[in-house]
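K.L.:
So the protein sequences, as listed, match chains A and B.
So the number in the working numbering is just where the residue sits in the first sequence, counting from 1, plus 606.
So the number in the working numbering is just where the residue sits in the second sequence, counting from 1, plus 606.
Mixed in with the good hints, there may be bad ones.
The list cannot tell twin chains apart, which means a pair is met if one copy fits it or any two copies do.
Unchecked claim - Straight-line distance between alpha carbons at most 20 angstroms, and here's what the computed SDA-like set of lysine to any residue pairs gives:
hint	residue 1	residue 2
1	Lys716	Glu619
2	Lys753	Glu636
3	Lys829	Thr637
4	Lys1085	Gly1073
5	Lys716	Glu636
6	Lys723	Lys829
7	Lys613	Arg649
8	Lys796	Thr1012
9	Lys684	Gly749
10	Lys946	Ser803
11	Lys723	Glu830
12	Lys704	Trp1016
Calculated directly from the structure, the hints in this document are not laboratory data.
Protein chains: 2
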Amino acid sequence: MNENFQKLEEYLEPVQALQTALTLFQWDNETLAPEAANAQSSRMVGALSAAYLEAFLKPEIRQLLEKLTAEKDALSEKERAVVRELNRDYEQLEVIPKDEYRAFQELTMKAAVVWAKAREEDDFASFAPYLKEIVETQKRFAGYRRKEGQSLYDVLLSDYEPDFTEKDLDEFFAALREGLVPLVKEMAAKADSIPDSFLYKNYPADQQREFCEMLAYYIGFEKEKGVIAESAHPFTTNLHNKDVRITNHFYEDSLPSAMFSVIHEGGHGIYELGIADELTQTPIGGGATMAMHESQSRFYENILGRSEAFWKPLYPKLLALYPEQLAGISLEAFIKAINKSQPSLIRTEADELTYCLHIMVRYELEKLLIRGELAVEDLPRAWKDKCREYLGIAPDTDREGVLQDTHWAWGNFGYFPSYAIGSAIGAQLLCAMKKEINVDACLEASDLTAIKKYLGKNIHRYGKLYGCNELLVKTTGEKFNAHYFIEYLKEKYHRLYA
Amino acid sequence: MNENFQKLEEYLEPVQALQTALTLFQWDNETLAPEAANAQSSRMVGALSAAYLEAFLKPEIRQLLEKLTAEKDALSEKERAVVRELNRDYEQLEVIPKDEYRAFQELTMKAAVVWAKAREEDDFASFAPYLKEIVETQKRFAGYRRKEGQSLYDVLLSDYEPDFTEKDLDEFFAALREGLVPLVKEMAAKADSIPDSFLYKNYPADQQREFCEMLAYYIGFEKEKGVIAESAHPFTTNLHNKDVRITNHFYEDSLPSAMFSVIHEGGHGIYELGIADELTQTPIGGGATMAMHESQSRFYENILGRSEAFWKPLYPKLLALYPEQLAGISLEAFIKAINKSQPSLIRTEADELTYCLHIMVRYELEKLLIRGELAVEDLPRAWKDKCREYLGIAPDTDREGVLQDTHWAWGNFGYFPSYAIGSAIGAQLLCAMKKEINVDACLEASDLTAIKKYLGKNIHRYGKLYGCNELLVKTTGEKFNAHYFIEYLKEKYHRLYA
């Protein structure tokens, strides 16, 4: 191993440990910590973030990075990738004053709690001042980091998708609009003829909990390296590749919600569990990009989890668990119901086809917020307008509107597009996977091992060693291409609702 | 506020945050983390401990402490206490080489997992090498810190009870032996005539969980600032005075075990919740000493929790929950059963009267281990011999013997005596409390507020502002005095089993 790289690794050890501690605090805050703890714990998380920054921004690390960048050609592939990621992080962090960074960490920790309460009470006004400060801070931070030719939004986007710019996204969403809007309308017209009310009978939380736990392990989440808990909004986090955690939530009046949430988060979890041992707890020890992460979760949730082959062996178990609620419902009727497409209000509950329209709403609005062309006060109204424009319906409450997602409360602008990119990547991967594996046969045989292995071998194990497009070229032979996704949806929806 | 003290507080902020992060990792490790995570997480905890030490041993803190010690008379009481505690910690830490300290943190984190498995499988041999290394390390560390006239064991003891030496304890335990052994024998002779088998029928875990949660809040644990979880061995921890956490465990063949565990841990929790806001998250923001902590937990568990007045309003609820298991059992018979005294093997399940004999076994053995007069290999046999000597019975397995407690696996030598001192303090406090409050009337009225307030006002709010004997003098008018405990037990046991 390169001598300087070895020294770098020693300096990185406390950095990684502090980052992991921050992850654990966030997990704990969302799943377990008492409400009254927030103010005091936020201060502590602020102090830890400062300690993290101090450890990371040590002059010794900067010097080693400079040396390692100069001798790049002598480094191994892994070493080069670590240096690349660190240089990217350094660029981002060095320009943000330490106290501002810390204040922002404290702000979002508080804002997340305020948001949760505001959502519960449908009270946007109480959250607005926090959101305003978050937007202003993110704009200021992006300004510190902006390079020539970049928009402020490009800067934010690059934190999640370095391979994509605002321009790329405008094109991508235009292609989706063109390819999908006719299909969305076609399906919406049929929606009334597809019965799905049986999915929204009373499904006791305890039974849901049990079935969802089974589902997590069925698709490949691992008990001895995993934790499943509950939180307001399902999410996945990990301390390292031997400690991956997913959460779920249970609505007693909805069968699909928790079921598809656990398959979704399970997909994220399987990615993190699959990162190679030599990469975990290094700067390249996470998923390649947010979109690549979403491609895995949505691949499991939609491409596998909503297919007939997936449910063929599982549906009898579901019937046995809910004999009354699902009385007389055939597998075919169940599959039609869980794929039923119609305009709706809540992103996380949206069907596979209209989902990207929800993302478009957020993409358009956050671009405007960051450009300063939309004031936070006007956001609820703008939200409703955009919904009406893209989905044809609008929410009566902010709770079902602008307050439904946690992302902005955590300061995550430029994140939402990853969901749509990820959905599209999933279809591109499916096409390549099918050349090697009979996916439906695996699902029908209740054996998802070959699928997990394929994704592990081509995507998971590499962590951030390669970028999004590099991984796609290696695996599918070409860069990101939205065509596969549009074709996949057309084929699927026309087949199901012929 | 003193200017130097203000500077000190700034330096202490990351120190406190890192300590809290370590606490959170330990909590998580014991309650939730997946088994496979241990090796990787131990390394991280090691790195965090090192970062903690580095932040704490900054030359700037050392210099500020020197200045503040010199200008002691100009400081407030709180500032003086903080400086006193920090000087004590500094003395302990400065002499231990950083890498040795870190290796020890990693060792105990691993040892705790090995111990849990060894206990489960009754396999002392697998734990022995870890324990050996822990003993050797603690002896070495104590050697670094020893002052003239101190034994190695005195040094370890001073971490928990600065007011007590080995000599004090020899006297204390001699007094207990003299005062209690005749009573223990008298009660053991009566034990067969006291029915208690109804306590060990089948008590489903779900019902226990529900009743124990109710008990925790009934005695004064606070929902909005507290968490209740499960772990192999019940314990209490806290991030600060707005986030206090207790755990419990459930045995379906025992009613008292979980019930008295939750009252015990609840007592610890109430102490931590009662620390003043201006002290929490400072070096004097915890309980005064381990014994003072145990005095609170055992006060709630035994003095309140095993009294007839406590159960008068609660027993009907218990009867309603377990109508079959407790059919025909009067309140009087229940009280006799939960106080029944007889020699037994497991410390945490021992009755109030024989409990201190269990502590004597551990006290004698750990003194020998630290003196080098007993080898770890010989510990299982020595344990059985000591049990036979003090309790008249000995375990067949190590699982019910030397492997039953987690303390040594965590490196805590000199800790066990605190349980016995704490038990005795409880009786001393009761005597003083009764001069101001009609304790039984409060319990019978299901209103423990006055009791919690009394303890809050006299003990809890002060944190580590005062030492153990200082608090006792303030509250009871005299220093620690074992006499109250012996008299309390004589009166109680003769009254109950006349």
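K.L.:
Can you name, in rising order, the numbers of the hints this structure does not satisfy?
P.N.:
Structure breaks hints 2, 8, 9.
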